[in-house]
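Enquirer: What follows is the residue order along each chain.
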Amino acid sequence: MEETVQHFKKRSPKRKQERFGKTISLVATIFIVSIVFSILFFVASRGLRTFTEHGVSAIDFFAGTAWRPGEVSDAGEPLVGAFPMIAGSFLVTIFSALLATPFALGAAIFMTEISPKTGKKYLQPVIELLVGIPSVVYGFIGLTVIVPFIRQIFGGTGFGVLAATLVLFVMILPTTTSMAVDTLNAVPRYYREASFAMGATRWQTIYKVVLRAASPGLLTAVIFGMARAFGEALAVQMVIGNAALVPDSLTTPASTLTSILTMNMGNTVLGTLENDVLWSLATILLFMSLFFNILTRWIGKKGAMK
Amino acid sequence: MKNKIIVPNEKQISKRILKNKFAKGIFFAATLFGMVVLATLIIRILTQGIGYLNIDFLTNYASRRPEDAGIKAAIMGTIWVMSITIPVSLILGVSTSIYLEEYAPKNKFTRFIELNLANLAGVPSVVFGLLGLTMFVRFFQMGRSILAGGFTMALLILPVIVVASKEAIRSIPQEQYEAAYAMGATKWQIIRTVVIPAATPGILTGAILSLSRGVGETASLLMIGAMTFIAYVPDSVLDGFTVLPIQIFNWASRPQAEFQSVAAAGSIVLLLILIIMNSLAILIRNKYSKRY
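Chains as they are written, first to last, in numbering that gives the first Met the number 0: chain Z, 0 to 305; chain X, 0 to 291.
Incorrect hints may have been included.
[Unchecked claim] Residues on chain Z that point at chain X, a partial pick, calculated with CB under 8 Å:
id : residue
1  : 23
2  : 25
3  : 185
4  : 188
5  : 283
[Unchecked claim] Pairwise CB distance ranges (calculated):
id : chain 1 : residue 1 : chain 2 : residue 2 : range
6  : X       : 237       : Z       : 214       : 19 to 29 Å
7  : Z       : 150       : X       : 45        : 34 to 44 Å
8  : Z       : 262       : X       : 50        : 48 to 58 Å
9  : X       : 271       : Z       : 181       : 26 to 36 Å
10 : X       : 12        : Z       : 302       : 46 to 56 Å
11 : Z       : 30        : X       : 57        : 49 to 59 Å
12 : X       : 45        : Z       : 117       : 47 to 57 Å
13 : X       : 4         : Z       : 120       : 21 to 31 Å
It should be emphasised that the hints constitute simulated quantities derived from the structure, not laboratory data.
C-beta atoms are modelled at their ideal positions from N, C-alpha and C, and glycine is treated no differently.
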């Protein structure tokens, strides 16, 4: 009896291992959570310095159109209006999503509904390949194909919102398509069978049954593509021209939040206004990405497939 | 509830069939468009870059003269950065997914962590670059080194690895656990002998795919200050570095037309590396996808 009790009282090596395993994995998890918070904290605390330390008013920052950090206006106010970049980011994101969505949905429907065999065997790998192409290659193509093309047709330099939109369109097309394909594949087979059994044509089935059942997921796919477009830095920077001006035409040089960030971050000194306004731009970027994320979650919750 | 049965007449039916054909044509055209874009992209890069692609290109350093320019430093830089990124991101990522799937109670806190992971996955890579710049380069005094680059990259791909590993662990059938528990195994023993072996193919697939994202990643490394002109092979993790996409970016931004072709040649090499990595991942996935 005594022996048995002793046996159970003793800490077994297995128990030790058990604790060890749990500790390691918990530490890793805490580490990741702390990364999320340190990103939020770093970026937001630096970004807010523009307003707290340097006394720039929020209206001047968000609505001001003159972006010449380091210089001051006649009234002595620093010229850090971020509106040109904010407008640029939103314009290229919305335009590229508007262009890409019909093509992505069309391709996804073709791959899942009309020709699933070819879709799975040949098209899916091609799409996956396209998703994996790095942005620098897309940017390079933009620089050597799209920009000269626009220059030829519309004149000017060719750099601008239109070039960025086209590059982003090609970039987010595979992302959106592959997510849309996943969504369409998740629509239960018997939905389609029921529809066909009622004598519906394929188009009727697609339009009245499949697309409706899949619409929350398809919306998520579109938003995901927009999030990618909004956060893309390099490919856009290569073709947009990087002039901090409010774009008054699609073919004049403009800029986005990300392009100004990558261009200028290395050239500024920590703690100066020039540097802190860049962090403010990054804060906008970060909150937009959180917003896209919350939006997809919300849609997922609202329209979960029954 | 309408009880009337509407029988479509012939005209209506043929109209529907026509619509059907029309829709089919449109969807096919949309798909074709994607294929044409891919084909143009690849043909364009191939025709422009193939002339510069030879052994010298792989073994030369960057140069002022386009015909002497090569990608040795860039490839070595990519390998060095990855040698930091792979262990860091795998150890952290897989541990996290094991914790979340095996240990964590299903409560609000766990859901909160998962929400954070999803948010992290959506953060643009420039912001990771900013974080790397402040945290690793400046705060931890690593400088613009391979170490800082590798850590930044690890953070960037971490959420993707966690999500893929979680998925792999979740797809292990419940019976496997039950069998192990019935044999008297502890949780840690189950993780070591059941979960990890069963989830390895899935984790590997996810890891390779996210690493290939890392290999092509430019913006964040550009932010932390990877150089663009390096004429040596780094020999410690504290050396400066450049990676393949940054080298391509640099060449593409130069005004001389010859450097555009060099950039195209670099792109061919980069795409080849990525295609090999992705095919490997797909191969692993297909081989092990129907085990249970």
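Enquirer: Next, verify each hint and record whether it holds.
Expert: Quick rundown of the hints versus the structure:
1. 23: Result: holds, 6 Å to nearest chain X Cβ.
2. 25: With a closest approach of 6 Å, the residue 25(Z) hint holds.
3. 185: Not OK, violated: residue 185(Z) not within 8 Å of chain X, min 15 Å.
4. 188: Violated, because the Cβ-Cβ distance from residue 188(Z) to chain X comes to roughly 19 Å (cut-off 8 Å).
5. 283: Hint violated; residue 283(Z) Cβ to chain X Cβ min 11 Å, cut 8 Å.
6. 237(X) x 214(Z): 19 to 29 Å: Since the Cβ atoms of residue 237(X) and residue 214(Z) sit about 52 Å apart, the hinted range of 19 to 29 Å is violated.
7. 150(Z) x 45(X): 34 to 44 Å: 24 Å, violated
8. 262(Z) x 50(X): 48 to 58 Å: 31 Å, violated
9. 271(X) x 181(Z): 26 to 36 Å: Between residue 271(X) and residue 181(Z), where Cβ atoms are some 27 Å apart, the hint holds.
10. 12(X) x 302(Z): 46 to 56 Å: Cβ of residue 12(X) to Cβ of residue 302(Z): about 33 Å, so the range 46 to 56 Å is violated.
11. 30(Z) x 57(X): 49 to 59 Å: 38 Å, violated
12. 45(X) x 117(Z): 47 to 57 Å: 25 Å, violated
13. 4(X) x 120(Z): 21 to 31 Å: 41 Å, violated
When the structure is compared with the earlier hints, violations turn up for hints 3, 4, 5, 6, 7, 8, 10, 11, 12, 13 and for no others.
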